[in-house]
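A.B. asks: Take the given structure of chain U and dock chain S to it, following the hints.
So the sequences go chain by chain: U and S. Per this note's numbering, the very first residue in the first sequence carries number 1; after that it's consecutive. Per this note's numbering, the very first residue in the second sequence carries number 1; after that it's consecutive.
Certain hints may be false.
Identical copies go unnamed one by one, so any copy, or any two together, can satisfy a pair.
[To be verified] Calculated pairs, DSBU-like style, for lysine-lysine (alpha carbon to alpha carbon, straight line, at most 30 Å): (1) LYS121 with LYS355; (2) LYS400 with LYS390; (3) LYS643 with LYS122; (4) LYS643 with LYS71; (5) LYS145 with LYS347; (6) LYS643 with LYS355; (7) LYS643 with LYS390; (8) LYS643 with LYS347; (9) LYS400 with LYS347; (10) LYS82 with LYS400; (11) LYS71 with LYS527; (12) LYS332 with LYS121; (13) LYS347 with LYS332; (14) LYS370 with LYS347; (15) LYS354 with LYS260; (16) LYS145 with LYS260; (17) LYS355 with LYS145; (18) LYS260 with LYS370; (19) LYS370 with LYS145; (20) LYS643 with LYS370; (21) LYS145 with LYS390; (22) LYS260 with LYS122; (23) LYS71 with LYS145; (24) LYS400 with LYS71; (25) LYS260 with LYS332.
These are computed hints drawn from the structure, not numbers from a lab.
Protein chains: 2
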Amino acid sequence: MTDRPATREPAQPNLEQALNLPRIAIESTEPTLDEGRFAAKATIGHPVNVRTRIFTDGHDQLAAAVCWRQKGEETWRRARLKPVGNDWWEGSFTPTQVALHEFRIEAWWDLYETFRQELSKKYGAGVPVGLEAEEGRRHVEHAVKRAQGETRAVLEDAMNRIHHSHLIEEKISVLLSPEIAAAMEAADPHEHCSYSATYPLDVDRTRALFASWYELFPRSETDSPERHGTFADVIRRLPAIRDMGFDVLYFPPIHPIGRKHRKGRNNSLEAGPNDPGSPYAIGSEEGGHDAIHPELGSFEDFRTLVEAAAEHGLEIALDFAIQCSPDHPWLKEHPGWFAWRPDGSIKYAENPPKKYQDIVNVDFYAEESKPALWEALRDVVWLWVQNGVKMFRVDNPHTKPLPFWEWLIADIRARDPDVLFLAEAFTRPAMMARLGKVGFNQSYTYFTWRNTKQEMAEYLTELNRAPLRDCYRPNFFVNTPDINPFFLQTSGRPGFLIRAALATMGSGLWGMYSGFELCEGAPVPGKEEYLDSEKYEIRPRNYHAYGNIVWEIAQLNRIRRQNPALQTHLGFQEYACFNDNILYFGKRTADLSNFILIAVSMDPINAQEAHFELPLWEFGLPDSAQTYGEDLMNGHRWTWYGKTQFMRIEPWQLPFGIWRITPPGRDPDLPVGQ
Amino acid sequence: MTDRPATREPAQPNLEQALNLPRIAIESTEPTLDEGRFAAKATIGHPVNVRTRIFTDGHDQLAAAVCWRQKGEETWRRARLKPVGNDWWEGSFTPTQVALHEFRIEAWWDLYETFRQELSKKYGAGVPVGLEAEEGRRHVEHAVKRAQGETRAVLEDAMNRIHHSHLIEEKISVLLSPEIAAAMEAADPHEHCSYSATYPLDVDRTRALFASWYELFPRSETDSPERHGTFADVIRRLPAIRDMGFDVLYFPPIHPIGRKHRKGRNNSLEAGPNDPGSPYAIGSEEGGHDAIHPELGSFEDFRTLVEAAAEHGLEIALDFAIQCSPDHPWLKEHPGWFAWRPDGSIKYAENPPKKYQDIVNVDFYAEESKPALWEALRDVVWLWVQNGVKMFRVDNPHTKPLPFWEWLIADIRARDPDVLFLAEAFTRPAMMARLGKVGFNQSYTYFTWRNTKQEMAEYLTELNRAPLRDCYRPNFFVNTPDINPFFLQTSGRPGFLIRAALATMGSGLWGMYSGFELCEGAPVPGKEEYLDSEKYEIRPRNYHAYGNIVWEIAQLNRIRRQNPALQTHLGFQEYACFNDNILYFGKRTADLSNFILIAVSMDPINAQEAHFELPLWEFGLPDSAQTYGEDLMNGHRWTWYGKTQFMRIEPWQLPFGIWRITPPGRDPDLPVGQ
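Chain U on its own, in the form it takes in the complex (with noise of 0.2 Å):
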């Protein structure tokens, strides 16, 4: 490896690179990660804001514009750039296609606009300007040059005014007319333009941002532990899925199961002879990653079942988990494709503290497998889309090297844009971040384990800050087959509803696993994993049972899609609530015009009641204005007056408060966004 600096820029120039270097400063420029090593992230529909620094020697006017494209594309869009205070300068545009994009920031001497103001300024003092009238005249002859058209016509209608009038008065007046502006904006040379670097972009479509998963294990759709579920079995279930608001349907691997090693109940190192082993020991004699459990189905049911899916508005997600069962096809197909020890074996995985005896890792620096254990993996990947798989659930991926990754969801969203990658990492945060840099279009979280109002709020703020904002989509898991957390352990249904409400308002995308509509948290005791966990054995449920919060979670489904304010964790805004105990948020479109109010208590057991603060000064209202509320889970309405008002959350009714602001003059009744 050679000495790499770090930018294409040298560091201290020699004459020629310098007269050629920007004039004009541009730096600090967001989105971007790491300088452009990594594409941020956008997605389809929703606005780019983009926020620079542009300045330049000397005070003439600077104009400046973002302008992006498609890679590959030659031509760039543009949008202006409007300057914001201290050398900052905003703007946005709204990408149409789901593909790698790219942006640069243009910033230009805009010397017509500084001669109109210097002009303007001076005229309007009674300072004498005949010479900046001969001034201006040469401005517009200069231009007139390089217009063409509408431009050039009205421009040289200009000179001929200048030109025959004797007035100084008429000569000023068209060369401060707004048509004269507009042409002469028209026909700017760009005078010391300056471009920043060229910055990509990740345009994904709307379920990167916006979806909600529903995980369950296929083998327990059944009404006995004693019965295997199959395909079939869970295209039976899909339409009280769908009536429950999820639009993913997320399976654990479904790939056949080793029987070396197995884990029995409870993550015993024994398996009696009926223990069905956990999916992600995954490969058998029946196949490896390429293969389907035969007490599953079939390919040709997978594909059924993903038809039907679809069908209830449902898309199937599979785990794509790297690893496998000491019966893996590779191990002797490929043996140069693991670590061996001196004794013949293989060391099991782990992910301290967490021990995987049923289980054994690919060395991916070794010599056989660069590249083929690489594109062997790709291809894998690349088998479950043609069959109709776009969302991946990658399972430790922090386990596996980050370039693996760059390339692998580079090289399959090249050949399909639209599938998606979902990072299942519970490591430190640098790790985190940068899985979404490299690639990975939303990310596993620490949701689990914020559970105070100020630990929620702080966690939420720094999603929504600069680098997270724009490298890391997180999905509110509210449990998972690994994550029985403790607060949902002793906290009873009000406390799923807690974990619910805050999953489903905090972030366009949450997930749930299979139980928890059912408020289910026996543990191990003192672990956070479940009691007879479903990873190593077979769990039919009846969905019915009582207590259940089927019905909240179809509300909070609902209301998500009503309100686009709710289809992204971006927007969020802490209020003032004056109880610890109660998080009051709000999240907002970019226009203002879905404006959602969320109170949320953290104490499952006791009533808690809060002053808390309308946030009237967002619409530019002041503290006596009167707005309309109105309840989106009851569908009550009513009229605030003025900015303090009261609550009080009794978590044993619903432990959260859901209300939809609307300011005075707009019909409450109006579909969002008119």
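C.D. replies: Below, chain S alone, put in the same frame as chain U:
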């Protein structure tokens, strides 16, 4: 201009590129500026503190180093980094050459340390480790092949001991021994070694960071306004300036002064026949930037002065003001370097709201200017370097193109890296920082406009943090010929002492324009300008006038020379002092061997009292500890008992206190650093 990706690495790599990407992520490396686009600043003999994030997939131990060298050198020097938590690593190195340097981070998998920790854990837990012993033997075997000299001997011996031993305990004790660990580290193959980009680092001489500037108009070194002072007169004043403790003597421009549009007294537009004009109106029949105003002396006189100054420990700094009086020879010789108006005139210079009717600016991007004007200006600087000047105060650099400065400073310093440039820009923050980035070694600041405790503490804190910390060395001028601060206009002698204390203690760089030591502050009413400004007339002074603060200034400069903690603006920390009028802070060397506490009352009128906290925790001392204090202004000594102390500041005595604190067990009489 072609589209220019920001980094050399592709945002979405192909397979071959991915296989060559670093496996270990290295990001957020400091000190860097704009991801390596500009060189961060360092100073010879001062440690460069390196901080970076390093992480990788999996759970193996990492090791890392910072590597640095002079630009152009073959060999890297190395210093190990240490993990400090959450994937951050830190280390430092101290440059010993004044030159452009470069550094990078290296990180690799520490395979033997990983093995050793696992073995140690298992062995301690009584788990069978026969297999591990064999794995360890293979580690050592592989290392022997790579090792040389002493390391090889140690490892061969270890191999033999493992081989011949029949006791597992003996094998393990060899594998875990510190000697083997050290030898294995020496022979480490640096598996998966990854490199950050290479970042530039500009290492300056000491006076870039620590210098005390004294500014005077040579023509005022006279006993009568009728007689123009000369370089010879300045020589007579050198002992007094040295005795005040200054080490840089800076002159406004010393070039011939134009006659056309010459300014009269108090910036009037009409000069009288004997008015000397502003030295910033550079150029007359007698020459331009490469000539000396005849009344000051000859080039020989100038060189004599430079030598005499050096004998007094003083270095001469000149003003580099790129502007021309209408009489400057360049207007005739190089009319193509200027932008002419339709009537054959050139616009006079402005730096809003200031107007400079007696000067015009060059046009850096005129056809004939590129590169002739650039080279001519570079030659001007180089001429003065050849005449012994190594410091330049640059007038209004923000009104000249940034690429010009970037090239000029690099060009001059490539010839003589001891040359330093001070940017006299008073403009918005982005430009202030950028001038540092493009190469200015020191910068004028907002210091004179920070008057409250909170303002000053925030400003000093900002200067101590990235990015300013790495690109901007603040030179705290207490006044300049252009700035007669409002605070000083009304605060009397205590006000001058307050500002002198803040400047000398706050930054390693400070400056004073003559008259300050006499507490001169008569303004043009309502303006921050001096009445009867020396810019437009010859102003002899009585430097022994009653009420002067010469002794205090000398004391402050002496204290700075004796205390390394005060020789930089870095190492600032505000501490608790329960009075909003008293700024109380500490400055300390990295090893705490020199720790100064400074309390400055911002109130020039009333006595102020406060309880304050000694920062005992910085020394690891309990709140009850006793420490030694010394008042560095008067030499008094005492013992402080405990953390909370009391102070009373009487501005009519001295509006500040400067105390050296020494922890118990260290002799307060020892020279610093021992």
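A.B. asks: Hint by hint, note whether the structure agrees.
C.D. replies: Hints and how they fare:
no.: 1; hint: LYS121 with LYS355; in the structure: between (76 Å within a copy, 16 Å between copies)
no.: 2; hint: LYS400 with LYS390; in the structure: within (21 Å within a copy, 55 Å between copies)
no.: 3; hint: LYS643 with LYS122; in the structure: neither (47 Å within a copy, 63 Å between copies)
no.: 4; hint: LYS643 with LYS71; in the structure: neither (48 Å within a copy, 62 Å between copies)
no.: 5; hint: LYS145 with LYS347; in the structure: between (75 Å within a copy, 26 Å between copies)
no.: 6; hint: LYS643 with LYS355; in the structure: neither (54 Å within a copy, 50 Å between copies)
no.: 7; hint: LYS643 with LYS390; in the structure: neither (46 Å within a copy, 64 Å between copies)
no.: 8; hint: LYS643 with LYS347; in the structure: neither (62 Å within a copy, 56 Å between copies)
no.: 9; hint: LYS400 with LYS347; in the structure: within (15 Å within a copy, 64 Å between copies)
no.: 10; hint: LYS82 with LYS400; in the structure: between (43 Å within a copy, 24 Å between copies)
no.: 11; hint: LYS71 with LYS527; in the structure: neither (48 Å within a copy, 55 Å between copies)
no.: 12; hint: LYS332 with LYS121; in the structure: neither (84 Å within a copy, 32 Å between copies)
no.: 13; hint: LYS347 with LYS332; in the structure: within (16 Å within a copy, 83 Å between copies)
no.: 14; hint: LYS370 with LYS347; in the structure: within (21 Å within a copy, 67 Å between copies)
no.: 15; hint: LYS354 with LYS260; in the structure: within (19 Å within a copy, 84 Å between copies)
no.: 16; hint: LYS145 with LYS260; in the structure: neither (81 Å within a copy, 38 Å between copies)
no.: 17; hint: LYS355 with LYS145; in the structure: neither (75 Å within a copy, 35 Å between copies)
no.: 18; hint: LYS260 with LYS370; in the structure: within (28 Å within a copy, 76 Å between copies)
no.: 19; hint: LYS370 with LYS145; in the structure: between (59 Å within a copy, 25 Å between copies)
no.: 20; hint: LYS643 with LYS370; in the structure: neither (63 Å within a copy, 62 Å between copies)
no.: 21; hint: LYS145 with LYS390; in the structure: neither (54 Å within a copy, 49 Å between copies)
no.: 22; hint: LYS260 with LYS122; in the structure: between (89 Å within a copy, 24 Å between copies)
no.: 23; hint: LYS71 with LYS145; in the structure: neither (33 Å within a copy, 49 Å between copies)
no.: 24; hint: LYS400 with LYS71; in the structure: within (28 Å within a copy, 36 Å between copies)
no.: 25; hint: LYS260 with LYS332; in the structure: within (14 Å within a copy, 93 Å between copies)
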